[in-house]
Amino acid sequence: MSAEDTRLRRWWSVTVATLAAVGALAALADAARAETGVVIERATGSVQLVDNAKRAPLARVEGLGDLSHASLVFSQDARHVFVFGRDGGLTKVDVAAARVVGRVVQAGNSIGGAISRDGRVVAVANYEPGGVKLFDAESLALLAEIPATYGAAGKRAKVVGIADAPGNRFVFSLFEAGEIWVADVTDPRQPKVTKLANVGREPYDALITPDGRHYIAGLFGEDGLALVDLANVGAGAQRILANYGRGGEKLPVYKMPHLRGWAVAQNYAFLPAIGRHEVLVVERSTWREVARIPVHGQPVFVMARPDGRQVWVNFAFPRNDTVQVLDVDRLALVETLKPGRTILHMEFSAGGEEVWVSARDDDRVVIYDTATFKRVAELAAKSPSGIFFEWRAKKIGM
Amino acid sequence: MQGVTVGVDRALAGAIGVLAAASLLAAEPVIPRQAELTHLVRQDCGSCHGMTLKGGLGPALTREALREKPAESLVVTVLYGRPGTAMPPWRDFVSEPEAAWIVKQLQEGTLSER
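In order, the protein sequences belong to chains L and Z. Per the numbering used here, residue 1 is the first one in the first sequence, and the count goes up by one each step. Per the numbering used here, residue 1 is the first one in the second sequence, and the count goes up by one each step.
Treat the hints as calculated values from the structure; they're not laboratory data. Glycine residues also receive a C-beta, built at the ideal position from the N, C-alpha and C atoms. Incorrect hints may appear among the rest.
[Claimed, not checked] Residues of chain L placed beyond 10 Å of chain Z at every Cβ, according to the derived structure:
1) Arg42
2) Lys54
3) Ser68
4) Arg86
5) Asp87
6) Asp94
7) Ile111
8) Arg117
9) Val253
10) Glu283
11) Arg330
12) Thr372
13) Phe373
14) Ala377
15) Ala393
[Stated by the list, open to error] Cβ-to-Cβ under 10 Å is the rule here; a few derived chain L residues that face chain Z:
16) Ala43
17) Lys158
18) Ile396
Based on the provided sequences and hints, a complete structural model is requested.
Here it is in structure tokens:
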């Protein structure tokens, strides 16, 4: 063996060993990081970080203000979450370090937010003063403000149902105005806003389909929903299911349904019927109602399991101790569960094998196997509401 | 000194009498029920009005927002809702004296403190 050969061989073995070590380290880091989840603890202004796979608590982060109606979005790399508090607080939490790394109180009263598809802009939807504010995802510096001004008198509407859409756009609805706005934030200091008027009375929340194509706002002031084709915004909003309540008296609504979180499964969209104990099933190709499934109460969240074969539903006060499961193939109710007192939210694991359910008045999160409907674990949490897993980081509208 | 004490006693007795009469008239909910009602207001009214009652989709229910409003009409709003708005009737869940107690607490600002 020549000296050259020996040198080459040594170089090769060192390189291989180094690569192996790097690979092992990366695998370790991955395992250590696992799949992280964040549970909002609404009464204490804290969030609990959890290990989704181990079903174990990791850490608690405090000092997030009033989280009584809070939601969050993940940064694209899932390293950070942006938490939107009711008191107008926008808090950036480093999930790996389990600490607050930025916080601004940017309005008097907020309802939620979204992050742009390029991950650079965080948008917050505000009730007071009504409008949307855009922030730099890195620094939380204010980039632009979009006041939700409408009508001749120049009043400001409460903004609801904000979602991120392809093309670095945000879509949101104006409650009092009955309008849907689409803001292109490619240049976040100069957002370009397209306004759709007369979409229907009092849009109260909205969803975007998982492919980012359609935005659907629920209407409180009338039966039906407003649909916008985001590939053709210029065509305006189309009213769908305008007659779903015809001939029946609406029940009083003690809690507004939440449309965000997918209710799209296979070829259908599953939607809560406001003021009724029903889930409406709409065919996606025609946007026509194909079924109505009677359920335990007025639906709040109607969420599809990631594989689209089940839809899970929770309910408004006073019927909020129950969760029901619909089978998508049969369009039928298949299971009724009683996880605890005041069920506020549900979140599927990335593959949908498990669902985590928050039981606010029992101070716990209950975990179910979605195939067997067996309760597999429980986690203590203080007055838990929203649960958010990091798979959301890569998804449109989450 | 003696005279002053007697005066205070008499005033106190009078005040207690008035309070007793008032609570009899209003039939104040018993303490455990008050805790339930407080929970109901913060959590379930809070769905729309905010847990700290500073407003949400529904208007603020803070002392500042409500103190000028006539209590009777607020009690009617709680019990029967406001047709044409999102405010539902709560009469299936609270009695009239309970609604009156809630309105009184809201106007005094004792429920909005966390």
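Restraint outcome when Ala43/L is required to lie within 10 Å of chain Z by C-beta distance: Ala43/L check passes; min Cβ-Cβ to chain Z is 8 Å, inside 10 Å.
No chain Z beta carbon within 10 Å of Ala377/L's: At roughly 26 Å from the nearest Cβ of chain Z, Ala377/L sits farther out than 10 Å, so the non-interface label holds.
Nearest-CB test (10 Å) between chain Z and Ser68/L: Since the minimum Cβ distance to chain Z is about 3 Å, Ser68/L lies within 10 Å and the statement is violated.
Non-interface claim for Asp94/L versus chain Z (Cβ beyond 10 Å): 26 Å, holds
Verdict on Ala393/L as a residue remote from chain Z, using beta-carbon distances over 10 Å: Nearest chain Z Cβ is 28 Å from Ala393/L, so the label holds.
Beyond 10 Å from every chain Z Cβ - status for Thr372/L: About 32 Å separates Thr372/L from the closest Cβ of chain Z, which puts it past 10 Å; holds.
Claimed clearance of chain Z by Arg330/L, with the beta carbon kept past 10 Å: Given that every Cβ of chain Z is farther than 10 Å from that of Arg330/L, nearest at about 32 Å, it holds.
Least C-beta distance between Arg42/L and chain Z, which was stated to exceed 10 Å: 7 Å, violated
Given as non-interface: Phe373/L, partner chain Z, CB spacing beyond 10 Å: Since the minimum Cβ distance to chain Z is about 28 Å, Phe373/L lies beyond 10 Å and the statement holds.
Distance rule for Val253/L, whose beta carbon must clear each one in chain Z by more than 10 Å: 6 Å, violated
Closest CB of chain Z to the CB of Arg117/L still more than 10 Å away: About 28 Å separates Arg117/L from the closest Cβ of chain Z, which puts it past 10 Å; holds.
Non-interface claim for Arg86/L, where every Cβ of chain Z lies beyond 10 Å: Label violated. Min Cβ-Cβ 6 Å, cutoff 10 Å.
Going down the numbered hints, you'll see the structure goes against 1, 3, 4, 5, 7, 9, 18, while the others check out.
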